[in-house]
Amino acid sequence: MASALPPIDSPASRHHRKMRRLKDQLAKYMIAFGGLGVIAAVALIFIYLLYVVFPLFLSGSIEIEARYPTPAHSNSQTLLLAMEEQTEIAVRFDDTGKSTFFNTHDGSVIETVELALPPGAKITSFAAATPHTRIAAYGLNDGSAVVVRHNYKVSYPDDIRTIIPFIDYPMGEDPIIIDERGRPLIRLAIQDGEEMSMIVAMTDDGELLVNSGEKEVSFIDDAISAETETFSIASDLGNYSYLLLSKEMDIVYLANSKGDISVYDVTDAEYSEQIEALNLKADIVSLEFLTGDISLLVGNSKGNISQWFPVRDDNGTPRLTKIREFSLDTNAITGIATEHSRKGFLAIDEKGQVGIFHTTAEKTILREKLMDVAAKTVAIAPRSNAAMIEDQQGNLAFISLHNEHPEVSWTSLWGEVWYESYPEPDYIWQSSSASNDFEAKFSLIPISFGTIKAAFYAMLFAVPLAIFGAIYTAYFMTPKMRSVVKPTIEIMEALPTVILGFLAGLWLAPMLETNLPAILAMILLLPLSVIAASYIWHCMPAYIRNTVSDGWLAGLLIPLVILVVWVSFSLNYPLEALLFGGNTQQWLDTELGVSFDQRNSLVVGIAMGFAVIPTIFSITEDAIFGVPKHLTNGSLALGATTWQTLTRVVILTASPGIFTAVMIGFGRAVGETMIVLMATGNTPVMDFSIFQGMRTLSANIAVEMPESEVDSTHYRVLFLAALVLFMFTFFFNTIAEVVRQRLRKKYGSL
Amino acid sequence: MQKWLKSGSPWVWLTAASVSISIIMVIGLLLLIAVRGLGHFWPADVHNFEYLESNDQVVKVAGEIRNSERIAAQQIIDSGIQLETTEQWVTRYLIKTGNRELYGIDFRSILDPLISKRSQDTAMMVLERHEWGNFYGILKQVKVDGKVIAEGDNSWAVLQKQITATSEIYATIHDIEQGEIGSINYTIERLRLKQRGLELRGKDSPEELGKIEEERQSLQSQYKVLQDELKSHYTELNRASLVAETIEGKSVEIAISKVVLAYQPNGMTIFGKIGFYLHKLWEFVSDDPREANTEGGIFPAIFGTVMMVIIMAIMVTPFGVIAAIYLREYAKQGPVTRIIRIAVNNLAGVPSIVYGVFGLGFFVYFLGGNIDQLFFPEALPAPTFGTPGLMWASITLALLTVPVVIVSTEEGLSRIPKSIREGSLALGATKAETLWRTIIPMTSPAIMTGLILAVARAAGEVAPLMLVGVIKLAPALPLDGDFPYLHLDRKFMHLGFHIYDVGFQSPNVEAARPLVYATALLLVLIIIALNLTAIAIRNRLREKYKSLEH
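In order, the protein sequence lines correspond to chains S and U. Take 1 as the starting number for the first sequence in the numbering used here and just add one per residue. Take 1001 as the starting number for the second sequence in the numbering used here and just add one per residue.
Bear in mind the hints are in silico, worked out from the structure with no lab data behind them. Mixed in with the good hints there might be a few duds.
[To be verified] Here are the computed lysine to aspartate or glutamate pairs in the DMTMM-like style, where the Cα-Cα straight-line distance is at most 25 Å:
(1) K1117(U) to D1045(U)
(2) K486(S) to E1543(U)
(3) K322(S) to E288(S)
(4) K480(S) to D1045(U)
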């Protein structure tokens, strides 16, 4: 046989040895690589989550793309600047009745349109509707108004996008007569919706007129005809320099530079009335609606912009209230442009500075000086990715904006925010809605609260059962029974949570709803009966007591527990009739003022408690079982009873292990998804009541992630929620693991 | 008393009671699922009731009793129902009446005191149908092409024969539609992508395009042939029908092609019922779901779960085993191993939904999006791998279950006596050879244990899968006869998600509930079996190495 091997120093043998050494080295590196791969995996998860979340906290920036003289600006004042979706073309409406389309990048004029004004008429006022409608109106000195729209036709000849701008007249080319008496219209406001349109105008002698038109679509040719009526709201008004009409066409705001604001309800011709008149206690140099037309943005001469919206007072009447204030600098605000689909805005001042702000996030995104002279007019692109500022000397600056996620700030995520139409600042999670100008509410507080609440109730149920059970199993139970009980509880850990959630939602929740008194009875009766049984057992003669050792007690108690449960359930109806007038939910509602939700924290607590019991149980059990025998023997030898030994020696020694168990159990309860998803109503309420549901971070991700748009703020905030969960559990698990490693070292020395 | 308190005996009893409660909860839960899940397939008797409605009219109701509960009589009287009873509590039954096309809903609840008469008719027939749920009624006639071929007593036998015949045709049609036509559609789609790919690379020469067009034409003609065949099958299928009478005496004609199964539960013997039960059980695990997953079987969900778990196992085993070997055999015990252990524990402790978020962002959108750009540009903008699917689900779960394999393998490695390693090294083997030839074979049961536990964990995990690849109804299985046979980019069905979806998202939860219990039972059984196997292997391993240590 030996002859099969080549001699030790032959080339073949040497080669063979080399190969073996090589393989050994290779294996070493590959295995090390694999081992370190675990760290890499954890790091990758963390880094990737961070990478997605990071842009949320990037500050915005602006860049000047081009500067050029304002097109066609000689002898005319700019009334409105606007851009189309792609920011390739902008339009300028001026006070001579011209509208000029020009290229945003070099200012070259594409087309100048003379608006169709009646001969001899003079322009006395101008107004723009909500920006995305692209509608504006000129008020004339003969009491009529012309409504125009800048419009764009996009086509793709040869796969190249071509945009052709044009002006059209959504309400007809003929001027609309607002004032029959032909007085000049000195202030104007317009809105155009799908079902109606409205023009509000003030004549030179201070009468406020409303012209509203109901639209009717003809069934035959889809043509739109409008039925208009004109009515007067108030007359002999003083000098108001601002007139605003909300896009719902229900409220008109009048304001003057001294800070007086007058609010009118114009929903109905017969019931139009002044709702409120107040003084803002600051001058007004600029006034605009925030997107959605609920809030007013008021710029003053001190460089502050404040947000105001109506809040119902104690009597239920809406009062215009100052919500928050932003500061650009100390110079007068010359213009405000609000973003078309977010609650942010741009402001400019007379020293050529520009600021970007977001109202909900209470965030000043940036402040920058762009020009040396006063800025006069500002416009923002429909997608908020560009803006245009005209200065006093007739120069335009076209700037690009990088401001992807202005909605997110520390306050909007974790603080109380006063949302539009809410009576007071609050923590709200409401991420999406059908409407375009919806104010996204990204407060993580309610869902974090829900997470803690769910985990708290679960721990309330699980910790006593698991730790008591583990103490008994490790310390008193006979080895034979232990070998059955431990695997049973381990199997419990393997049960898929989707099954627990399903049972909790479809079986436990309705069962608890009808058997609430029985559950209360059970909580009371179970410990009492066990203690009573213990006393009876104690009083029994010794020969009976000695037949069963403490180690079999758990088996002995099973029939007793079943009996108590059965008794409690059969007491359910009598108890309900006796204590709660036959209907527990109603009783809770009327007597205690607690509303009852079928899928509530009690259900979640039990179901999730069930899921974490095995985790806590098996770690605690290991810790107690691992307490060295000589410690207990020593204590017993000194005369302590088994119970004294347990409480003074064993549990103290095992306490770090028990702590680890509770930490890990808590981590698991915090991250559990399916049970809370199925066993609660998933409403993000902030109520600690046990009879109310909640929404947790994990369930929130599961519900909203599939429908969130990639890379949107919502998507990134959900990643942030995942990151919060990750860090939370990372924290608890690391503590638990460090404690466990310490413990191992300590026991090693014992 | 004093002595009793001092002895700590009440506390000991309380701790013992905690164990009892835990055990009762586990067993009770398993029993609950078992009873509800298994009970579903037993043919329930159909009861006929005469029932006094609120408008003082007596109506006839027939159906299975699904549920009964006791409620306070006062509560019912308060809700405006006239009830003459002295009892404090009345029983309310939930009756599955079926006939959804007639009544609008499958269920109605009736109050016990208002039932004037109840009976059972052996001729009551239950039809399980492809649509509209169950039908309850009495068979009157069987027709073929509109002509009555059986009436009265012998019609039942004729009906059964007709159902068997139509079921066969139905199966043929299903085979053609899903198999051959599905395959042709798939090939045509591949041809389209191929053509697009050629165009993108600028290689769309006329001869290449001609070849594709030729192939497409031949497929189209094959398709036409199959279409004609299908048409003839369909006419054959729709020939027979049956006429039945509902409990109110309404005559209804139902096409036999819509009937899956007809049976008369009241007339069945106990053996008949057992046979029926087994048949239904088999149908449950082997059939496709019907009626938005609320009826029929769950085969695609079982298949999807198994596929996902297999692919996951292939990925998780090497990674987990190598990491464990590094920790035990190669790494110097110190800060690095301590950090790795913390990392392992964190991987095990991170909530599963976080893996789902990570999988969706990193695997699906980042990796998948880039794979699509590089390898499947012809399909864009429709994503191939840039969308949730089988592969990403498997990888995500592999990451999630790595700690299970690591912990188990490490334990196995720690039990191998040092003497064995030293023996091997002393005989001149390198470390890698020792590992490969002695250590790993000896650890294989432990690796197996870890793998089984990982599989059990993955089979029950739902939250991350909801984000990375599971859907409620997959149009095709991830494994079929079309190249490349295993479709890693497809979405799939999963038992756990099936439970969530049918139990909580289905429009007809009441009807679907028993099926959810049955699915839950199946999942629990699989997972318990896997866990028990793992425990058994682990125990045997421990015994084996105990003897080695001496």
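| task | Quickly compare the C-alpha distance for K322(S) and E288(S) to 25 Å and report which way the hint goes. | result | holds, 15 Å
| Can the restraint linking K486(S) and E1543(U) be considered satisfied, given a maximum Cα separation of 25 Å? | holds, 18 Å
| said: Please verify whether K480(S) and D1045(U) have alpha carbons no more than 25 Å apart. | reply: violated, 46 Å
| Taking 25 Å as the top limit, are the C-alpha atoms of K1117(U) and D1045(U) close enough? | Given pair K1117(U), D1045(U) holds - Cα atoms ~16 Å apart, limit 25 Å.
The earlier numbered hint that this structure contradicts is number 4, and it is the only one.
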